[in-house]
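Engineer: Just so you know, the protein sequences line up as chains A and B, in that order. Start counting the first sequence at 25; every next residue gets the next number (our numbering). Start counting the second sequence at 25; every next residue gets the next number (our numbering).
Heads up, a few of these hints could be off.
Which copy is meant is left open, because identical chains are indistinguishable; a pair holds if it fits in one copy or across any two.
To be verified - Straight-line Cα separation of at most 20 Å, DMTMM-like style, residue types lysine to aspartate or glutamate; simulated pairs:
1) K361 - D329
2) K369 - E313
3) K361 - D346
4) K142 - D298
5) K283 - D259
Treat the hints as calculated values from the structure; they're not laboratory data.
Protein chains: 2
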Amino acid sequence: MKTTAVIMAGGKGERFWPKSRSNMPKQFLSLTGDGKTMIRLTAERHLPMVSWEDIYVVTNRDYVPLVTEQVPEIPAENILAEPTARNTAPCVGYAASVIQQKYGDAVMLVLASDHLIKNNRMYLDTMAQAAEIAIEGDSLCTVGITPSYPETGYGYIHFGYDENTPKHRGVYTVKKFVEKPDLATAKEYLNSGEYLWNSGMFVWKASSILDRIRKLMPDLYNGLSEIAESRGEYDAEAVLERVYRTFPSVSIDYGIMEKAEGVFTIPGSFGWDDAGSWLALARINKTDENGNIVNGDVITIGTRDCIIVGGGRLIATVGLEDTVVVDTDDTLLIARKESAQDIKKVIENLKICNRRSLV
Amino acid sequence: MKTTAVIMAGGKGERFWPKSRSNMPKQFLSLTGDGKTMIRLTAERHLPMVSWEDIYVVTNRDYVPLVTEQVPEIPAENILAEPTARNTAPCVGYAASVIQQKYGDAVMLVLASDHLIKNNRMYLDTMAQAAEIAIEGDSLCTVGITPSYPETGYGYIHFGYDENTPKHRGVYTVKKFVEKPDLATAKEYLNSGEYLWNSGMFVWKASSILDRIRKLMPDLYNGLSEIAESRGEYDAEAVLERVYRTFPSVSIDYGIMEKAEGVFTIPGSFGWDDAGSWLALARINKTDENGNIVNGDVITIGTRDCIIVGGGRLIATVGLEDTVVVDTDDTLLIARKESAQDIKKVIENLKICNRRSLV
Chain A
25 MKTTAVIMAG GKGERFWPKS RSNMPKQFLS LTGDGKTMIR LTAERHLPMV SWEDIYVVTN
85 RDYVPLVTEQ VPEIPAENIL AEPTARNTAP CVGYAASVIQ QKYGDAVMLV LASDHLIKNN
145 RMYLDTMAQA AEIAIEGDSL CTVGITPSYP ETGYGYIHFG YDENTPKHRG VYTVKKFVEK
205 PDLATAKEYL NSGEYLWNSG MFVWKASSIL DRIRKLMPDL YNGLSEIAES RGEYDAEAVL
265 ERVYRTFPSV SIDYGIMEKA EGVFTIPGSF GWDDAGSWLA LARINKTDEN GNIVNGDVIT
325 IGTRDCIIVG GGRLIATVGL EDTVVVDTDD TLLIARKESA QDIKKVIENL KICNRRSLV
Chain B
25 MKTTAVIMAG GKGERFWPKS RSNMPKQFLS LTGDGKTMIR LTAERHLPMV SWEDIYVVTN
85 RDYVPLVTEQ VPEIPAENIL AEPTARNTAP CVGYAASVIQ QKYGDAVMLV LASDHLIKNN
145 RMYLDTMAQA AEIAIEGDSL CTVGITPSYP ETGYGYIHFG YDENTPKHRG VYTVKKFVEK
205 PDLATAKEYL NSGEYLWNSG MFVWKASSIL DRIRKLMPDL YNGLSEIAES RGEYDAEAVL
265 ERVYRTFPSV SIDYGIMEKA EGVFTIPGSF GWDDAGSWLA LARINKTDEN GNIVNGDVIT
325 IGTRDCIIVG GGRLIATVGL EDTVVVDTDD TLLIARKESA QDIKKVIENL KICNRRSLV
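Given these sequences and hints, build the entire structure.
Structural biologist: Here is the structure:
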């Protein structure tokens, strides 16, 4: 059976502001030293398993030019433009419907466009095993990440065995998806050995996920069928436009995964990072001898453990510690690492003051 | 007797980098909320005592256009252009010689172009008294500042009485000029009540200072005479150019004041600030409720005791404390207040790397 990769690239992530903007979200930025953007890294990572013509991108209509520019190898018809953002359930359903129509059926690797993987080979082994499980039965497979510390910013997967657990080594039944915990709970999860981080990556057959959507989100299913019937007709665009707007804004986790039968997980320990804020740069990239990540024309004097992302100008830092500096043509951000979560207050402030060109 | 003001404006101060540059030194910057540049504030401060046509500026030839632009009320012939920088003794001598030639004799208020005064009225009272002393005798009068804390960055004046001390209230004999002390010594000075800060402001008659120069720096005196004789002649410019280059680079403090007879001091407590670094902005200007000085398009979130000097762009600070941020079109400085003295290392670095356009 054909294996496809479906890259979800509609996010408007604000957490890399001011480099990320509503017209240039995180997945289209380069955060690693190699200069490749997140979406390009995501696509290339799967090439040993999926050929370019079987890679799909679901994104907001506005971002199609960015996708075309950054991953020109992906065929234009594989770039699925959502008329409006409706969270991941409609996004995944739309891709599944297109893939079913084209291939009859196929395995879908459903992927975030803006996560990083340290060990690509281990990662591909995990995805290959997940694909095997998906092909064998009608299961929904989610990739869990073996937690390395009590992170409070992720959702967790409580996993175990039951009579339906596939007879493969390293495959488990999902008992429950749980929300972001507080620190005490996160520590319990970590120590119990029964929890994984929810990476938001899924593997299943198009037929398997569409079947669950039919049962659990019938309105979405019917809408997707209507769109599928119109494909190739003169009014395809108009139908997509009209029907997509009626879809509820629901995540695939909430809409399907938490309620469906036959949900399994494969724990991965290939080094996963959701690159959720500027602080991730210090985890992802090599630091200098003073613990700094420095990018651009920067002179550091007595500067330690800083993340400095330059723009066109000289940046001189003197005696600075534990600070994030991000310089762009129109905006400069200086944030203490410990206050990084408050960067969103700046964005709120800009929205309130109607300065949307800076957001 | 006529009173003149002589503003020394040849300094190349680097301590307000990156706003100050070799082609735009501190005296031509505005550091106060009113938008007036330091040299303009200096000139205007003396108007109750000295009319525009009696204000002189001695500056480097390169800065004449800046002076003309910022204080156009000063007559062009009062702007004395040094062909080359030779510290303050030649600068003061040059002005004294021009003033003696024009007026026969006159009181000179010799002033830094880049200091700030809080209480102008008290300041003018002090200067008026100094002018009286200068007229009465042949003395050299220096304005001392009553120290308010044990500053280690200033020179001090040890003062007292002797048989020559003028019989005016609040006028003292200078026993000794002393160099910048260490902290323990500065504390002793402060507690003794016998020391003043050396403000670098002087009051004397042109004839008095020229007489001391004749005795203590005869080569300088002869050179000044040669320049004076050529004034108005066809070769005046060439003589100035040739002779000025032969002058030694010596301060008026070292060349004259420390060695001369008849040196008195008048302590002032009118609120003086030499505005010696970016940190001065927090002393000079009103801070917001979080202790910040903010200038330009700035959003502060959880930011305390910072000095933020914006350029054209939005600056957002998050969780920042005790930090100086200065943004210009081509350069951005971010320095912890406690490391402000290391800003000069950035400038050294730029010079070494031959990036003089940024210095």
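Engineer: Each hint needs a verdict: does it hold in this structure or not?
Structural biologist: Checked hints:
1. When the C-alpha separation of K361 and D329 is checked against a cutoff of 20 Å, the pair qualifies both within a copy, at 9 Å, and between copies, at 18 Å.
2. Proximity of K369 and E313 under a CA criterion of 20 Å is satisfied inter-copy only: 19 Å between copies versus 32 Å inside one chain copy.
3. In this assembly of identical chains, the alpha carbons of K361 and D346 lie at most 20 Å apart whether taken from the same copy (6 Å) or from different copies (15 Å).
4. Proximity of K142 and D298 under a CA criterion of 20 Å is satisfied intra-copy only: 11 Å inside one chain copy versus 55 Å between copies.
5. Neither within a single protomer nor between protomers do K283 and D259 lie at most 20 Å apart by alpha-carbon distance, with minima of 35 Å and 98 Å respectively.
Of the numbered hints given earlier, the model fails hint 5 alone.
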